[in-house]
Each structure stands twice: as C-alpha cells, then as structure tokens.
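J.: Knowing the structure of chain X, use the given hints to seat chains P, A and B on it.
There are 4 protein chains.
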Amino acid sequence: MKVAVVGASGYGGVELIRLIEQHPSFELRAVFSSSQPGHLLRSVYPHLDSSLVFKEMSVEDLSEADIELVFFATPPSVSSHWVPSLIEQGKCVIDLSGDFRLSNPNTYKSWYQKPAAPTKYLNQAVYGLSEWFQQEIAISPLISNPGCYPTATLLALIPLLQEKIIDPSSILIDAKSGVTGAGRSANQAMLFSEVNENIRPYKVDGHQHIPEIEQFASLFAQTEIKVSFVPQLVPMSRGILVTIFAGNVNNYTNEDLYDLYHSTYENTSFVRVRGRQWPETKFVQGSNYCDLGFYSDKRTGRIIILSAIDNLMKGAAGQAIQNANIRFGIPETSGLLFPALYP
Amino acid sequence: MKVAVVGASGYGGVELIRLIEQHPSFELRAVFSSSQPGHLLRSVYPHLDSSLVFKEMSVEDLSEADIELVFFATPPSVSSHWVPSLIEQGKCVIDLSGDFRLSNPNTYKSWYQKPAAPTKYLNQAVYGLSEWFQQEIAISPLISNPGCYPTATLLALIPLLQEKIIDPSSILIDAKSGVTGAGRSANQAMLFSEVNENIRPYKVDGHQHIPEIEQFASLFAQTEIKVSFVPQLVPMSRGILVTIFAGNVNNYTNEDLYDLYHSTYENTSFVRVRGRQWPETKFVQGSNYCDLGFYSDKRTGRIIILSAIDNLMKGAAGQAIQNANIRFGIPETSGLLFPALYP
Amino acid sequence: MKVAVVGASGYGGVELIRLIEQHPSFELRAVFSSSQPGHLLRSVYPHLDSSLVFKEMSVEDLSEADIELVFFATPPSVSSHWVPSLIEQGKCVIDLSGDFRLSNPNTYKSWYQKPAAPTKYLNQAVYGLSEWFQQEIAISPLISNPGCYPTATLLALIPLLQEKIIDPSSILIDAKSGVTGAGRSANQAMLFSEVNENIRPYKVDGHQHIPEIEQFASLFAQTEIKVSFVPQLVPMSRGILVTIFAGNVNNYTNEDLYDLYHSTYENTSFVRVRGRQWPETKFVQGSNYCDLGFYSDKRTGRIIILSAIDNLMKGAAGQAIQNANIRFGIPETSGLLFPALYP
Amino acid sequence: MKVAVVGASGYGGVELIRLIEQHPSFELRAVFSSSQPGHLLRSVYPHLDSSLVFKEMSVEDLSEADIELVFFATPPSVSSHWVPSLIEQGKCVIDLSGDFRLSNPNTYKSWYQKPAAPTKYLNQAVYGLSEWFQQEIAISPLISNPGCYPTATLLALIPLLQEKIIDPSSILIDAKSGVTGAGRSANQAMLFSEVNENIRPYKVDGHQHIPEIEQFASLFAQTEIKVSFVPQLVPMSRGILVTIFAGNVNNYTNEDLYDLYHSTYENTSFVRVRGRQWPETKFVQGSNYCDLGFYSDKRTGRIIILSAIDNLMKGAAGQAIQNANIRFGIPETSGLLFPALYP
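Chains as they are written, first to last, in the UniProt record's numbering: chain X, 1 to 343; chain P, 1 to 343; chain A, 1 to 343; chain B, 1 to 343.
Worth flagging that the hints you see were computed from the coordinates, not collected in a lab.
Treat the hints with care, since some could be wrong.
Same chains, same names: a pair is fine if it fits in one copy or spans any two.
What the hints assert, rightly or not - As a list, the in silico PhoX-like pairs of lysine-lysine whose alpha-carbon atoms are at most 25 Å apart:
(1) 203 to 120
(2) 298 to 203
(3) 226 to 203
(4) 120 to 109
(5) 2 to 114
(6) 298 to 114
(7) 120 to 298
(8) 109 to 298
(9) 203 to 2
Just chain X, with the same shape it has in the complex (with noise of 0.2 Å):
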C-alpha cells in the first residue's frame, strides 16, 4: 500500500514517517512540506535513512505516484482545501488536523477563526478514535484523527459516560502536554530556556480542543455537555497526563469502576486499565498505549480519573496508522506493538 504524507516535516509529519518506514504494509511514497520543499528528508531528520525529498503539495503528484492513503499532519485549513479533490479521486484520507472533527460548521468557525470545511465532506468523515468507531472507520474515505487531549479524555470518559456513573454537567478536565504540541515552528514561546523550569497554562479561556471534547462527550451521554477545561504546558518533549473529575452518581466504588474499565477495554489492544496503579506519561512515551487510571473518594462523592498517552503517538501518529490498519483490513496492531521508551 503506497501512502504520502502531507506537512511532512513538523514533529506529527515526522512520527508519521517514523511509523510508516517500519510498518511491514505500508510504503511511504511522498513527502510533502509548504516550509522545506526541495530538501532531503533525511537533510532535515538526519536520523531518517530516506532518499525522499520535500515537495510542494500537489494533486498530481500524489496520481502519479499511485498513491492510495494519504495522511496530513497540517495546520487548520489545510486538509480541508485538499480533501474534496483527492476524495474525488478515491484516495483515501486520514487527517490528524481538526478540519474535520466538528460536525457543525459555526462551531469550526468560532473556535478556528476559519471557514469550515464543506458539509459534504463533514457529513462523510468518520471520527477516528480507534476503539470507539472502529466499524465506521473501517469503511470511510475520510477519517478525521482525534486531537490530542479528546483522545486522552475521551478513552477516560466514554465508559462512565455511556453506563451514567458521572454527573454529566460536573466533569473538569485539567491537562498536562509536553511542547511537541506545539509544533517545530520557530517561536520565542516554546525556546528551551522559556519553558524549561516552567509550568505554563495557556488558552484558559477557551482550547479548541472543547468542543471536539463536549461534541463525543455528548454523544456518548445522549445529553449535551459543557466541560471546564485548563491545558497546561511542562517541560518535556512527548506525553500528556489528562487529570478528569466528576460527580459519582450513586456512590461507585473503585471495584465497580475497575470491572467497567476492564470489560470496556479487555478487547481492545492499546489501552490499559491501572487502576490505582497511577499512571504516568514515562511509561507511554514513544508507543501507542493508552493508560487509565481511577479513584473513587468517598470523602468528596467524586471520581477522578487520570489518563497518559504520548501525544505524538496515541494523540496523533500512532493512532492515525491505528486507523490506517483498520481501514484496510490489517491487524489493528501492525507496525505499532512496541513498548515505551523507558527511560
């Protein structure tokens, strides 16, 4: 299976790559970058061994060279100008920007800033949380790849959602990343010497990663939710830890929420039920698993739940080839059974 990737040379393009020279079905074909056209991939990555080089996107290139999945890794706006040509086509896509998570457009407009994508497209994307809509993907064209903090609090929340064990109108959501979120560009914000020694809140008046949150969240709940939500910036490279608090209902204890967990997920083959095992970003970092932890407090009639993924993997590349898999029929696992980097 020949695949490109576009927005090839910022850290979730890089991943991407990473990922797809060592899966045993997928060949890696095209790269494409608006900022290093031109360049040797492996000029630019040098721990790459590629012969690739960077081109400016384009339609005809992905034709010639027989491509038939197309990942981007690109800014807002982006995809959804590429999208309805390469659909059209029948390529299929996997986007892992948010072009096309938000199913109502004024919601995309209002949080992006931007024109949402075209309705057609947005009513035939599949949202790729893997463990969740695994029968849409693998049948759609167009798989809109979960943000980073939706995958991590959604795996957390979905189970208690469905079965009504949290107060849907309590849920707080504090997140933790590493600075690989923010991307490569150059940027005074994100320099060593900024963020080193530092813990730094950012959007707290608004992530637009809320209403990807609250969209599924609903969904789930078959009851709209609004969610508080405070993203937080640490010093290191890869791995988010979501912090979830909510109303316990009717008093669940940790057992029962051990047994939900563990019959939810047994099934699936990338997240991991700890329990009051907590987890922690170092245990997930480089992979694509998924680690949940929980407690419930008797003192406060609250549940928290604590979630870890690698951003770059499960919050973005390693679920996109997650989906890649699904998609076309290969083992869920193909090209992804490999344990964190530890230490």
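T.: Showing chains P, A and B alone in chain X's frame:
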C-alpha cells in the same frame, strides 16, 4: 538576632540558610542535621561560604549559642519533640513541618500516621500564612509555617470564600509541583532518569495537605469545606502551579474578580494579581512572590484560579523569613525583595 | 532461541528486555535480579507487558529453562562469578559488565578494586565491538560487551590509528553522558534536583573505561597508547557524546577523513559517517546507531572527532543484541533496525 | 549613578536589569530595545516590577536622562555604531558584545564577518576581565566585557601561562554551555523539543571566541598561542563548564597547582579555588562566582583544568556590574554578594 536551623541539610534547610546569610538582621549561629553531623556546611553545599559545622540537635547547644529564633525544616514528629522545651526556655520557633498545622490531634494522627504534638502547644501555634495572620504572627512564640500546596491554594481561595463568590462544596484543586518538594534523601523514584520526561500523579487517594487546606478554607468560609486535591510531580526542580476550579454562585465577572483580588492584596508585598496574564512558575522561581490569575468562564458557570509559587520560597523558607520579619518587627520584606531568577 | 537476562531490573537490563521482546528470533525465558526477586516484571516496569517474575540468579533455573544464551547486565564481579559454570555447561554468555574486558588481571584489579575473573575465561572472552571483532564474536562462547564510552571512542579512533593518521601520544577524550549510565539504584547525587540544570565532571582522576580504551587503541595502533579522558554528566537520560582531539600527523584534510571513515564503515549497518554535519545525541536516542563527525583544523594541526551513541543501545543493550545476532548467524540488524525516537 | 541598558530585552539585558534593580548605587533610568520598543518592561518580563518602557536607542534620550553609564548587551556591530558619540559626550560604556574585544580589526572582520569598530576606540577599550585588568578598568571610559567562554577559560589559563606551567602549544578547550547563550530570538534550533535530551556540538570549525582567548592567552604567556576549542550545547538554561587540557612542562603536582591558584586568587572575591572538588555549574547558577578545579595527571603528563561559571553572570551581566563597581570606585562586590540558587 541570632538564629538556628534544625534540619539544615535538606532543601528547605539550605534555602533558609541562603536567605538568612543574605538577611540584614539575622545571624546564623547553628545548623543541625541528623544526616550530616560533623560535616562542614560548605563541604556539603559548596555554593555556600560558611564555616559552620552541622551538629546533632541539642537544646544545650541552642542555649549556649544565645539563639532567640529556631527554624525547623524537619520531617514529621521532629519539631513536636523539641518545641515544648524550646518554648519553655523562651525561644521563638518557626516550624516548617506539618506538626503544628492541624488543630485537631486526631486529624493529624489519621493523615500523618504519627502521634500529634501536645495539645497545649497546638493551641499556642499560629498559622503562618503571612498575609492572613499577620497580627497573630507578630506576637506568637510558635509559628506553624504553611505547607507549599496550602500556601498557593489558600492565597487564591480565601478572598473568594470570604466574599462567598464560589460554592464552597464545589472546590477542586489540581496541583503540579517540582521535585524539590520530595526532599533530598536518596530515593529511586526521584532519580533524574525517572522524573525527566515524565508527569507523575501521586497520593491521588489522599495527601496530607488536604486537611490543612480544608481547616483554613472552612475557617474563612465559616462553613465546613471538603476539597478534591490531586498532586502531580513535573520534571523541574522548583515551583508549584495550583489550578483551582469552583462554581461561580452569582455570575461574577472577570472584572469583579480582579477588583476583589486587587483590593484584598494591594497592601501586601508578595501577592501579585495577574488576572488573565496566566501565572507561570518561571516568573516566581527563586523569589517569595505568589502570582494569581483567574478566569470566570460563562460557558460553564465556573471560576478557574491559577496560583504560582516557588515551593522552597513562598512555599517554605521564604515565607518563614517573612514570618520571622513580622514576628520581630522588622519590615516584612526584609531580605526578600529580589525578583525571580529568570530564565 | 531461549535467552535469559541477569541483572534484569537495572536500566541496561530493562533495555535488553525491550529489545528481546521485539526480536524475531529470541525468546525471553528468565529474568534475574538480586534487588527485585519475587516481583512481577510488569509491576516494576509497567510499560512492559510480560508475565515473567524476577528471580535470584541460579544456574539450575537456567538449565531447567533450557536457555542457550545469557546476558549479564550486572555490577562488577558478578558475571565473573557465574560465567565459568555457565560456559562449562555449554551456554553462551554476553557480558555487559567490565569483568572480561581487560586481558590483564592486574589492570582490572587496579581500576576496579576487585579481584579479576579467572585467566582461563579472560583468555576465552572476545571483545564485542561488533564492527571490529565480527569473526571472533561469531564463534565465541563468551562475548565481553564493550563499555559505553569505549564504544563511542573506539569506533571513532580505530580507523585513524590503523592508518596512522593521528599521533598516538596526543589523544584526548572529553566525554559527556546522560545519567542512565549511573544505573537505577537510589543515589542522592543522581536525584533530579541535583542533576537538572547542572554539568558535573566525575572521576577526572581516573575512570575505569580508560584501560579498556587504551588496550584496544593500542592493539589497533600497534603501539602502546595512553589517553587523557574526562567524563561529565549532563542533564539528560540517554546519550553519550565523545569529543576527541588528536594531532594530525600529515595534514590530512576533511576529504581524506571522509574517505577513510566512509570506506571503513560503508559495509556496516550502524555506523553513520556524518562528516561536518556534527552528530547530536538526539539523532541516535533509542537507536543502535553511532554517528561520527570530524574536522581537520588547519589552524592547530589537530583533528577533532565527534561520536554520538545512545549509551543504553549501541553503548550497552543494542550492541549486545547485535553481538547475539552475529553469534547465532542471524542477520546482524535483526530486531535493531529502527530509527531514533525524535524528538 | 544613573545607568541605561541598550539591548535590554535579551537574556543578557534582562539579567543586567535584575542586578541593577538590586544594586545599592545604580539607578536604572532607561532601557533600549530594537525588538520591543513601546512595550512596558514588566509586560515583557512579568517577574520584574518596573515602570520603565523599552525605547529605540537614541543618544538624545540618554543625554536627557542624565545617564553616566551605558551597558550594551547587543548583537555584533551595534555598540561600535553608538560608542563613539557616547564617549565623546563623556559617558562611560560597558560593552557586553564582542565589538571591542579584538585589538586587530582584521581579526574581527574575519571572525565576525562585519566591519570592525574604529581603531581609535578599539585602542581606548580595556578588556574587562575584572581579576586581571582591575587598574585599567578603574580609569577607562570604554570597558569591553569578555565573552562567556573566554571568561571561564582565561581565569583558568592565565596563572598557568604566566608561570609557564603548561606547554603553550598544547592547549585544548572543550566547552559546554546552557542555551541562554544563544539569546532569546525565535529560533527553531533552540526550541525545547530540539534541545532537551540532546548534546549538540556547534561551530566546531571555528567559534568567534577563539581569537579572543588566543589574544589574551598570548598576552599573558608572552608568546603566540593557538588553541583548539569545541563548544557544545547542553540541555540547561544557564551555566558553562570549560574543560581544558594542556601539557605539564615540569611534572607540577596537584599541590603545586593548588598553591599557584590559591595565591593568585586569594585576594579576589569571585574566583573560588576548588582543587579536586570538581566544579559543577549548579554551584554557580545565578551567582557571579567562577569555580576552578584541576588535576595533574601523572599517567599522561597533562594538566586538566575545569572552570564553571554562570554564562549570564560572570560570563556577562555579573562581570559587567563588577566592572562598573571597579570603574566607579564602589566596592567590587557591591550588589553581587549572593550565592547560587541551589537547587
């Protein structure tokens, strides 16, 4: 004024020494350490130019050295052992441990798993949250210096609780800390390779700072308060960021909050009201400041408060010196008026 | 092929386990640890999904489990205790410790302050610098895996010494290492707060890797060589950068050096000749590559060589697997052909 | 004494401001920045409590503000533009850039690729290595503050060169630096994710601090000296460790070295002679100290010297204040007598 430090070889102790050596009114006369007795201070800490030698704690040495003020930066149950005889001899004590913070001995016992200090001295102890107990601190022989998390949390919460801005049953605290809070003892879990590139939740099922926060939050709210509290270790040496979520009881706006915090703290020296310029730990690193940010979120009806301190400064040694200044009628800012070490 | 790891709970051991679990031809059958006996591997290392239990080392357990290959990732004087009986039983041993690296027992004694291994086995041991002792490794029952610093240093030096490009009396080595090299034992000096924001020289007056470097440098130069060697700890988990200075004996140019290194290593799999694209440890992190850069400085008549490896991979576990592949006639790159985890 | 800082928004500039604001004799009256004109200092640097506003540099503003002393912390070729008119107006200038360090204009041109400052002013400039040019600094209108690497290197080398302890043709310098030395401009290579978990050699083929080291090393050795110099970036914000190797010409012992360094620096305030207690950057972080360690290696006949400074302090702003103190007859240590921020 001659002073001594007990527990002088830990991170809290060595920060006290840094501050005392720079202080215009205090003279360091003795340093006690159970782990380093007999060693020169400057051989253990080459950055300090002192000819003092660590000794095993003894009341006789304190008396001979004519010491008026003793700081304890010791593990649980050490200061409660020594304080009675020191108080009887007319010394003033500032205790950075938790031994005198909880007024109810049973609460201490259940959270610290140690016997509580004698009730007589618990009753004499004044809580050294400098901005809120200034008058009591000025006349007390025994000042119980607040914990690092409670300092950051209570400075943020008290104005809201006093003015009944938030629902007292709705308080959730997500706390992130650098690792100096864990002390300087050899500990596999605190090795660089275990902490670096990691976020680690700990004591999710109960941290001993919870009853301290609840005791003083309840006092100012005039109602019993229980809080949810999740602490997390992040890969940095110094700094705490506390993120607090609470229900807004009456649609208070960002301007209302700004006015409240500003009027509350305008005559204090170390609390900086930042509003929507979100606090970052880097901007308080090495200094005694507490930076407060906040956001009234109309979407969810919640208020989010962010509070940043240096855990070794305003969260420990800095506030202890501030309390010593207050106690001895020295200007409150004496020896503490320097900015963060940035970057 | 059934294999076992002794010293499996340290950083070198756990990296071996990561590699063996991914390896197409090796099956991990037993893990031995003197510090964690009785614990489940996955409870100590939650990122690994194994049902093995750490046991105290015993030759009987090895025999029963039908193990053919034993890796030792142990402190000094452990492998020399066990190796004789294992060799006599016909097992193959790859020893990652220093016990069999020095051919002269007195040299071992004076640098390691321990008794040397029995001469009979010292004589049987082959030095596992894969690129230079391939034929010997392929047939030896006892492979002495090189130290991390010697690996990075010798891969850089041997071509220059063989071809007499540099003055053998002029070699100086400035080495920088991440802290996993110091192991996983609790150790105050390796606490995050002591290592972070710090560069720390150590063993400036003599590191035990000096005689190892000298023994093999002398062998290839066919003259006795003494080197200056200064190791330094830098605040990162993985990675070694070795900077070597040596006198250029005959005005060899950068092109000469490129040709030499290129022709030397073009048929190897893990040495990448970078020339004036200076190696960085990030580009080998988590991988088995060694990146070599160099510069012939006409101003001073010296050659500077830069060599970067991951100390746990090419500097320990990765090279051990490479040697195991060579030893058992498996393709040398088997289980090792993945790029660095970047960033 | 009224002072101004030009280039005030970079890391060197903001460190100068930190020191001036704490200084008992200097008053900061103006801050100039070409990148932040019109911005409040405290909005760019929230940790500083100043009501000054960054302005575009102008000689008129300096004159109106009645400023006597101007610090330049600017990129190459900025101070050489302004200094002539300032000197003519009788201002005193302390220049932290390289513009006045090299006495030979051709040398400047070839290493900085810019035109050199006018010879007249080059001749007036005094090199501000405080411990070695005290008398000249005390009377000069133009003090050229040393580079960070040259400061650490020359304080280590000068005693050995003066006393002819080392072979002047044998000097090799391996330098490691935190990343604040690269400045605060947005720069992809200095992003946290690129620097973290990495050691990066740079300018291996020629760093502009080489001619500065050679000029002053030659001066004190009274013979022309060429050095090898390899700088490397390590993942920390502040700190330089320089490791120097040189041939021991006459079997000088560790005791000889200790005596030499001790007698050389015993009457200075900021050079601490550590001997075989190897210097670490953490013990000088945030302070103006230079810690020197050394080892006479009998095996190789070489002397190894280790020199640690904070690049923003003794390597830039701290030494600039020290020079200002000397220049204006204030005690040399004024405003600088505080220890490292540890840990």
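J.: Look at each hint and say if it fits the structure.
T.: Checked hints:
1. In the homo-oligomer, the alpha carbons of residue 203 and residue 120 never lie at most 25 Å apart, since the shortest distance is 31 Å inside one protomer and 49 Å across protomers.
2. In this homomeric assembly, residue 298 and residue 203 come within 25 Å of each other (Cα to Cα) only across copies, at 15 Å, whereas the closest approach inside a single copy is 32 Å.
3. Taking the shortest Cα distances, residue 226 and residue 203 sit within 25 Å of each other inside one copy (17 Å), while across copies they are farther apart (28 Å).
4. For the identical chains of this complex, residue 120 and residue 109 are intra-copy neighbours only, at 16 Å inside a copy versus 62 Å across copies, given an alpha-carbon limit of 25 Å.
5. Taking the shortest alpha-carbon separations for residue 2 and residue 114, neither the intra-copy value of 32 Å nor the inter-copy value of 50 Å comes in at or below 25 Å.
6. When the C-alpha separation of residue 298 and residue 114 is checked against a cutoff of 25 Å, the pair qualifies only between copies, where the shortest distance is 23 Å, while the shortest distance within a copy is 45 Å.
7. Taking the shortest Cα distances, residue 120 and residue 298 never come within 25 Å of each other, neither inside one copy (48 Å) nor across copies (33 Å).
8. Taking identical chains as interchangeable, the C-alpha atoms of residue 109 and residue 298 lie at most 25 Å apart only when they sit on different chains, with a minimum of 19 Å there against 42 Å within one chain.
9. Neither within a single protomer nor between protomers do residue 203 and residue 2 lie at most 25 Å apart by alpha-carbon distance, with minima of 39 Å and 41 Å respectively.
Going through the hint list in order, the structure does not satisfy hints 1, 5, 7, 9.
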